[in-house]
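What follows is the residue order along each chain.
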Amino acid sequence: MFLKDHRELEALRSGLMTGPAPTRRLWVCGGPGCLASGAAQIQAALASEIKKQGLNSQIDFRADLTGCLGLCEKGPLVGVEPEGFLLEKVSLADCQELVSKTLGQGRPIERLLSGHQPIKNHPFYQPQIRQITRRFGQINPESLLDYLKTGGYQALGLALSALSPDQVCQMVERSGLRGRGGGGFPAGRKWSSCRLAPGTVKYVLANGDEGDPGAFMNRSLMEGDPLAIIEGMTLGAYAVGANKGFIYVRHEYPLSVERLNRAIEAAEKMGLLGKGILGSSFSFNLEIVLGGGAFVCGESTALMASIEGREGQPRVKYVRSTQRGLWEAPTLLQNVETWANVPLIVEHGHEWFKSQGTSANPGTKVFCLVGQVKRSGLVEMPLGTTIGSLVFEVGGGSPPGRSFKAVQIGGPSGGCLPESALDLPLDFDNLSSAGAIMGSGGLIVMDNLSCMVDVARYFTGFLMGESCGKCSPCREGLTLIYRILEGLCQGQGRPGDTLELKKLASLLSKTALCGLGQSAANPLLSTLRYFEEEYLEHENERFCRSGRCQGLFWPKIDPDLCSGCGLCQEACPAKVIFGEKKQARQIDLANCLSCGACLAVCPFGAAQAVRQDS
Amino acid sequence: MDHTLPKVTGTIDGHEFEVCHGTTLLEAAKTLGIKIPTLCHHPGLPPDGNCRLCLVETGDKLLASCAFPIRASGGVYLTHSPLVFEARAFVLKLLLSRAPNNKELLKLAEEYGAQADPRLSDDPDGCLRCARCVRACQAAGSQAIALIGRGRGRKVAGPFFEPPLDCVGCLACARSCPTGLIACGEEPRVIWGRQFDLVKCPQCGRTVGTPEELKRAGITSWLCPDCRRREYSQALKNLPEASFVRN
Ligand SMILES: Cc1cc2nc3c(=O)[nH]c(=O)nc-3n(C[C@H](O)[C@H](O)[C@H](O)COP(=O)(O)O)c2cc1C
Ligand code: SF4
Ligand code: FES
Numbered sequence: 003m004f005l006k007d008h009r010e011l012e013a014l015r016s017g018l019m020t021g022p023a024p025t026r027r028l029w030v031c032g033g034p035g036c037l038a039s040g041a042a043q044i045q046a047a048l049a050s051e052i053k054k055q056g057l058n059s060q061i062d063f064r065a066d067l068t069g070c071l072g073l074c075e076k077g078p079l080v081g082v083e084p085e086g087f088l089l090e091k092v093s094l095a096d097c098q099e100l101v102s103k104t105l106g107q108g109r110p111i112e113r114l115l116s117g118h119q120p121i122k123n124h125p126f127y128q129p130q131i132r133q134i135t136r137r138f139g140q141i142n143p144e145s146l147l148d149y150l151k152t153g154g155y156q157a158l159g160l161a162l163s164a165l166s167p168d169q170v171c172q173m174v175e176r177s178g179l180r181g182r183g184g185g186g187f188p189a190g191r192k193w194s195s196c197r198l199a200p201g202t203v204k205y206v207l208a209n210g211d212e213g214d215p216g217a218f219m220n221r222s223l224m225e226g227d228p229l230a231i232i233e234g235m236t237l238g239a240y241a242v243g244a245n246k247g248f249i250y251v252r253h254e255y256p257l258s259v260e261r262l263n264r265a266i267e268a269a270e271k272m273g274l275l276g277k278g279i280l281g282s283s284f285s286f287n288l289e290i291v292l293g294g295g296a297f298v299c300g301e302s303t304a305l306m307a308s309i310e311g312r313e314g315q316p317r318v319k320y321v322r323s324t325q326r327g328l329w330e331a332p333t334l335l336q337n338v339e340t341w342a343n344v345p346l347i348v349e350h351g352h353e354w355f356k357s358q359g360t361s362a363n364p365g366t367k368v369f370c371l372v373g374q375v376k377r378s379g380l381v382e383m384p385l386g387t388t389i390g391s392l393v394f395e396v397g398g399g400s401p402p403g404r405s406f407k408a409v410q411i412g413g414p415s416g417g418c419l420p421e422s423a424l425d426l427p428l429d430f431d432n433l434s435s436a437g438a439i440m441g442s443g444g445l446i447v448m449d450n451l452s453c454m455v456d457v458a459r460y461f462t463g464f465l466m467g468e469s470c471g472k473c474s475p476c477r478e479g480l481t482l483i484y485r486i487l488e489g490l491c492q493g494q495g496r497p498g499d500t501l502e503l504k505k506l507a508s509l510l511s512k513t514a515l516c517g518l519g520q521s522a523a524n525p526l527l528s529t530l531r532y533f534e535e536e537y538l539e540h541e542n543e544r545f546c547r548s549g550r551c552q553g554l555f556w557p558k559i560d561p562d563l564c565s566g567c568g569l570c571q572e573a574c575p576a577k578v579i580f581g582e583k584k585q586a587r588q589i590d591l592a593n594c595l596s597c598g599a600c601l602a603v604c605p606f607g608a609a610q611a612v613r614q615d616s
Numbered sequence: 137m138d139h140t141l142p143k144v145t146g147t148i149d150g151h152e153f154e155v156c157h158g159t160t161l162l163e164a165a166k167t168l169g170i171k172i173p174t175l176c177h178h179p180g181l182p183p184d185g186n187c188r189l190c191l192v193e194t195g196d197k198l199l200a201s202c203a204f205p206i207r208a209s210g211g212v213y214l215t216h217s218p219l220v221f222e223a224r225a226f227v228l229k230l231l232l233s234r235a236p237n238n239k240e241l242l243k244l245a246e247e248y249g250a251q252a253d254p255r256l257s258d259d260p261d262g263c264l265r266c267a268r269c270v271r272a273c274q275a276a277g278s279q280a281i282a283l284i285g286r287g288r289g290r291k292v293a294g295p296f297f298e299p300p301l302d303c304v305g306c307l308a309c310a311r312s313c314p315t316g317l318i319a320c321g322e323e324p325r326v327i328w329g330r331q332f333d334l335v336k337c338p339q340c341g342r343t344v345g346t347p348e349e350l351k352r353a354g355i356t357s358w359l360c361p362d363c364r365r366r367e368y369s370q371a372l373k374n375l376p377e378a379s380f381v382r383n
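Those protein sequences? They're chains U and D, same order as listed.
Under the working numbering, the very last position in the first sequence is 616; numbers go up by exactly one each time.
Under the working numbering, the very last position in the second sequence is 383; numbers go up by exactly one each time.
In case anyone wonders, no lab produced these hints; they're calculated from the structure.
By construction, the Cβ of each residue, glycine as well, lies at the ideal position given by its N, Cα and C atoms.
One or more of the hints may lead you astray.
As the list claims (entries may be wrong) - One-sided excerpt, in silico: chain D residues whose CB lies under 10 Å from chain U:
(1) LEU191
(2) ALA203
(3) PHE204
(4) LEU372
Unchecked claim - Label-pair restraints from in silico Cβ distances:
(5) U:ASN123 / D:SER217: 55 to 63 Å
(6) U:GLN325 / D:LYS291: 28 to 36 Å
(7) D:CYS156 / U:PHE187: 27 to 35 Å
(8) D:GLY180 / U:SER391: 17 to 25 Å
(9) U:LYS319 / D:PRO254: 33 to 41 Å
(10) D:CYS156 / U:GLY281: 22 to 30 Å
What the hints assert, rightly or not - No farther apart than 27 Å at their CA atoms in a straight line, the calculated lysine-lysine pairs in the DSSO-like style are these:
(11) U:LYS504 / D:LYS197
(12) U:LYS376 / U:LYS122
(13) D:LYS291 / U:LYS319
(14) U:LYS319 / D:LYS197
(15) D:LYS336 / U:LYS319
(16) U:LYS277 / U:LYS246
(17) U:LYS319 / D:LYS171
Using the sequences plus the hints, can you model the full thing?
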């Protein structure tokens, strides 16, 4: 069906609204706990059952999309949307009934219903404000009709029938929307600058490169609601006067590419992309470009070089890309999540948008909460939420026997913030003054077993591997920093290393050519700022208080805390832990490897790291 | 320099300058006689800003002066502040580990009190990765060599580290290399593991270049530039008087 104008679009929508609710879907939790209890088999059984019963439905296997609700002991978990049932301890024998009764008729299986009903009341979801993620798992992301049914393309219909490009630009500017891809640059300023830039050929680009290791918020958006990105880009193109757009997707995301491609095709068929959209004189075409597979390709100039077919390498940037970007034409680049906010703003108005978040940081942000917390996964919260409420309310705090130490925010070039920062509002400005960055919204929670020197070494190592090698500070300097950190972690620190690291880190940030090098010292700078004593202990005492750096501590079991469970005894690779059942364990240090395996498994915090000379 | 462009003004180390819009900070400093050390910069090649030696302070930021076009008046630039000094010493220390015997680098290192760090002493291959050779190759019209690989493993080479098929043997890369590291020979013409024929001027016998090089430049006559000029003026001389009348 080809929509000739805005009225036809609305007629179609109101027809759909009176029809049945969006297609019912099942999801299977693919978190580590559920996998261990057989989630993959359940998923396969459900899929073949669906086929057998001739139903047309796919199953979301949320290997990492929902992360983990912290209900591992109740796994495998199966969810039913849009009803929001959560079923627990699902067995293979339940699958047939699950498909016929629950998926087919929307009735739950009483005996499997978990205590958390509906799932949105679960403590993981309850504090969240789901705007960007509202359609995730609720609709078939490849169905344009599902998208329309849930309010999709209302914004574009409105813009093309009643708003001038300038008005759309103004709305985004007044909304105060800031870029979600890292820097938090005001989107409206880029839009106006690109709109006013001279030139008849202009481009809009979406950054879906998501190079942060372990991050999946952009992926889940491209897979869960691809049309929101497409609608946002169409609005952006209309506003700035572009007729061509590219979505740059990390090539490790084949499902994102597939879903985006299907969504583009569907939109083209309906006349929502292509020539004369909805009967207007505005034309817009979209194409997917596969990423070059390097972290630095997410950087704006490298990304454009890569789309142009050149090596994805940053350029010295003293002219804004909104003036001269892709193929030297004015170009508007935003992160995919930034784009997905645009339809919301145009549809509901900038005042509505500003009702979430803080005045300088309006709206919500999708975070990826992982690490040493009880519950983990994709979380959407208003900007300005405190770090503490994310870690403790949503995430449920540190696992048993451990204590919170730090939260690493913003991807590899983010920073580690200590306990004193738990009251800090999560927004672009507060994070950067505290020495971290928003990045794309990754949060890794760390506890007393995470060594801050080792954490800095790890991230520096990642960035060293991703440095493109163009400019000397990043190419050579990151290697030098890494080697010093590695020395500290191996007990080969030299006097003055900590001070030297401070100097090198600050110089690297000031001298590197592109954002990668300029921010590459953040992990180091932030850990030095908040955890300098750990550096000094490594340097001067060859001591790692976290029991992480092998050889820089001895494990010791506190008999008052030890319950005698024997977990450490099982975990010890050197078999040097001994003791009777239900009695406090002891360690034969003479043969201990100082590997820390006992510390990692003890649920009571009884195994602790002490100085080797004590 | 295009003199129809508007002028911009500012100060460098307290001295006022006035240059055309878009002039680089490095050139502006030169008009004041202020010297800024450079390595990757070459006046005949597009700026790349990769070595970071020419950094200059403005506000509390550092700019690569070789690549920074001045587009607004009122800028206050410092080329020899303590921060600039420290930054250059940092860059020199890092580059020195790659080219510990480079005379120019050693001289600069002495001036800035920079020393190589023993922890970076592996692989001192002498190359600064300034990409002047790669840019010279591109500017001459080929893309025979490139910087291949990432991070510290980055190296100048032909595709797949083999003798580059697109090389025309013009030696532009070797001549623009600040370290003289690219092994080559004029006659016989060898570079990047390849040997090239040489074209001799049919009149004076001088070497004009390689056939591939002339073809790239679209030159069909094999005369050397001098003999070509002579032949051209001879032809002019033989033209009838009327051809020179202006209308
Ligand atoms: C090394 C580096 C990597 C980056 N990676 C990404 C990325 O993966 N995704 C992204 O959206 N932005 C990334 N950025 C930021 C982009 O350069 C750019 O600022 C952003 O896409 C602009 O969109 P926004 O304003 O909507 O955030 C990266 C920047 C740097 C310096
Ligand atoms: S800072 Fe690093 S990634 Fe950026 S240009 Fe320099 S070497 Fe390349
Ligand atoms: S001379 Fe300017 S960066 Fe190298």
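**Request:** Go ahead and decide if the range 27 to 35 Å is satisfied by the Cβ distance of CYS156 (chain D) to PHE187 (chain U).
**Result:** For CYS156 (chain D) and PHE187 (chain U) the Cβ distance comes to about 30 Å; the hint holds.
**Prompt:** Would you say the C-beta atoms of LYS319 (chain U) and PRO254 (chain D) sit inside 33 to 41 Å of each other?
**Reply:** holds (35 Å)
**Prompt:** For the pair supplied as a hint, LYS319 (chain U) and LYS171 (chain D), is the alpha-carbon distance within the 27 Å limit?
**Reply:** The given pair, whose Cα atoms are some 24 Å apart, holds under the 27 Å limit.
**Given hint LEU191 (chain D) near chain U, where the shortest CB pair must fall under 10 Å** = holds (6 Å)
**Message:** Does the beta carbon distance between ASN123 (chain U) and SER217 (chain D) stay inside 55 to 63 Å, or does it fall outside?
**Reply:** holds (60 Å)
**Message:** Given the hinted pair LYS319 (chain U) and LYS197 (chain D), is their Cα-Cα distance within 27 Å?
**Reply:** Measuring from Cα to Cα gives roughly 14 Å; hence the hint holds.
**Asked** How about LEU372 (chain D): closest beta carbon in chain U under 10 Å, or not?
**Response** violated (41 Å)
**Item:** Restraint check, 10 Å cut-off on beta carbons, for PHE204 (chain D) near chain U
**Value:** holds (6 Å)
**Message:** Next pair to validate is LYS291 (chain D) with LYS319 (chain U); report whether the Cα-Cα distance is within 27 Å.
**Reply:** Answer holds: LYS291 (chain D) to LYS319 (chain U) is near 24 Å, not above 27 Å.
**Agreement of LYS376 (chain U) and LYS122 (chain U) with the hint, judged by alpha carbon distance not exceeding 27 Å** = holds (17 Å)
**Item:** Pairwise hint evaluation, LYS246 (chain U) against LYS277 (chain U), where the allowed Cα distance is 27 Å at most
**Value:** Distance ~11 Å between LYS277 (chain U) and LYS246 (chain U) Cα, so the pair holds.
**Message:** Check whether the Cα positions of LYS336 (chain D) and LYS319 (chain U) lie no farther apart than 27 Å.
**Reply:** Violated: LYS336 (chain D) and LYS319 (chain U) sit about 45 Å apart, past 27 Å.
Checked against the numbered hints above, the structure breaks hints 4, 8, 10, 15 and satisfies the rest.
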